[in-house]
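Residue numbers (this note's numbering), protein chains in the order written: chain A, 131 to 345; chain B, 131 to 345.
One or more of the hints may lead you astray.
Pairs count within a copy or across copies, as identical chains cannot be separated in the list.
[To be verified] With a straight-line cut-off of 25 Å between C-alpha atoms, the simulated PhoX-like cross-links for lysine-lysine are: (1) K199 / K231; (2) K167 / K208; (3) K294 / K333; (4) K279 / K208; (5) K279 / K148; (6) K333 / K279; (7) K218 / K148; (8) K148 / K199; (9) K167 / K294.
In case anyone wonders, no lab produced these hints; they're calculated from the structure.
There are 2 protein chains.
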Amino acid sequence: MNICVLGTGVVGNTIGAKLVDLGHSVMMGSRTSNNEKATNFARNAGSRASHGTFAEAAAFGEIIFNCTKGDVTIDVLKSAGAENLRGKILLDLTNPLDFSKGFPPVLSICNDDSLGELIQRTFPDVYVVKTLNTMNCMLMVNPGSIRDKHAVFVCGNDSGSKGKVADLLRHWFGWREIIDLGDITCARGTEMVLPLWIRLYGKIQHPNFNFHVVM
Amino acid sequence: MNICVLGTGVVGNTIGAKLVDLGHSVMMGSRTSNNEKATNFARNAGSRASHGTFAEAAAFGEIIFNCTKGDVTIDVLKSAGAENLRGKILLDLTNPLDFSKGFPPVLSICNDDSLGELIQRTFPDVYVVKTLNTMNCMLMVNPGSIRDKHAVFVCGNDSGSKGKVADLLRHWFGWREIIDLGDITCARGTEMVLPLWIRLYGKIQHPNFNFHVVM
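Chain A on its own, in the form it takes in the complex:
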């Protein structure tokens, strides 16, 4: 499959490299066509890796992984262009973390709204599926690195898109505990987990942990 990865940070690189390993063609989008990190990705991740502007990558991808930082997400998606995103599934991995007042960060949007909802409102013709935002990126693509079962949440307004994303999480990355919370307003819940996640990270001292829902 032709896949677009938006974002050149560690999340975008981890997701992109895994998808190339799986045999997909991945274009990493960045602000400029000569972005150093995106160029490095295309050089190092294998022959099916390429890079381009946000718009070029979005046009290329049959499916979009949004791995941008929360504070630039809307701008990036506007650069990518609504016409290049229309009708496609966008996996939204972002969190609205605001480090401007120091550590720990606060959320720039929460409680009665979420970044997932803001994306869906801004791009109503995109099938936004919020997922994978409650864990470290190494765990996103390798849940088996923790032996016990643990959860990935999905939410979004379109059941068909969520089903496709769940299949993808299961078959591409190996997820076993996939919990569909409901519509995109459930992104409030998963984004608001971050303050606890960050405290647990401080406690555990490494990011390879997650939540298992037991009952």
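Keeping the supplied structure of chain A fixed, place chain B upon it in accordance with the hints.
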């Protein structure tokens, strides 16, 4: 031990009844000395159960369980009286849930503050330990009703108080996975789990579930 339970709702009744069963003397505090629910508790929970005003109950208790609703917590604690709370451990089980705009509720305080912190700021001479607020009350006192391990979080500014609360959770209620997140500002993290908890409740259709932290 003489224990004060503030709050006459299902949380206060569940906690109070369990503590009486364990052999403790429990006074349930309420706004008026003839409160029907508190009177019923004193009548039904056994000979070591009693009731009184918030101030009477706070004066009685060597330790305080704050089981009030988040929107009245500060008022209740003021009624209980700083002089009756001073130097005591207060287990804060509350969440700042605001149902005034319908369902799902929002949090009346979050992100850069929390109800746990507000209580600690308002009553600086109380040892506030935020705990048990991330689950249903039946599970609080009977974690063994779920066979797999699952977590209860504690946070607060005084290590000695947190250690005593952890002992209490372990020996009175049977908790095995007790995670000390840090100081009282960590209450932001545990209170902000509620939006996810509420969505999971809608999904799972019963409240007897919890999170296990795996790594």
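- request: Pop the pair K333 and K279 into one bin, within, between, both or neither, using alpha-carbon distances up to 25 Å.
  value: both (21 Å within a copy, 19 Å between copies)
- request: Measure nothing new, just compare the shortest in-copy and cross-copy C-alpha distances for K294 and K333 to 25 Å and report within, between, both or neither.
  value: between (35 Å within a copy, 19 Å between copies)
query: Between copies, within a copy, both or neither: which fits K199 and K231 at Cα up to 25 Å?
result: within (16 Å within a copy, 31 Å between copies)
query: Checking K167 and K294: alpha-carbon separation at most 25 Å within a copy, between copies, both or neither?
result: So K167 and K294 fail the 25 Å test inside a copy (30 Å) and across (50 Å) alike.
- request: If the cutoff is 25 Å on CA atoms, where do K218 and K148 land: within, between, both or neither? Let me know, please.
  value: The answer is within: 21 Å in one copy meets 25 Å, while 53 Å across copies does not.
task: State whether the alpha carbon distance between K148 and K199 is at most 25 Å within one copy, between copies, both, or neither.
output: For K148 and K199, the Cα distance is within 25 Å only inside one copy (20 Å; across copies 47 Å).
query: Under a CA distance limit of 25 Å, which applies to K167 and K208: within one copy, between copies, both, or neither?
result: Answer is within; shortest intra-copy Cα gap is 21 Å, inter-copy 57 Å.
- prompt: When no copy is named, should K279 and K148 be tagged within, between, both, or neither for a Cα gap of at most 25 Å?
  reply: within (21 Å within a copy, 32 Å between copies)
query: Is it within a copy, between copies, both, or neither that the alpha carbon of K279 lies no farther than 25 Å from that of K208?
result: Result: close neither inside a copy nor across copies, 37 Å intra and 45 Å inter.
Violated hints for the displayed structure, listed by number in ascending order: 4 and 9.
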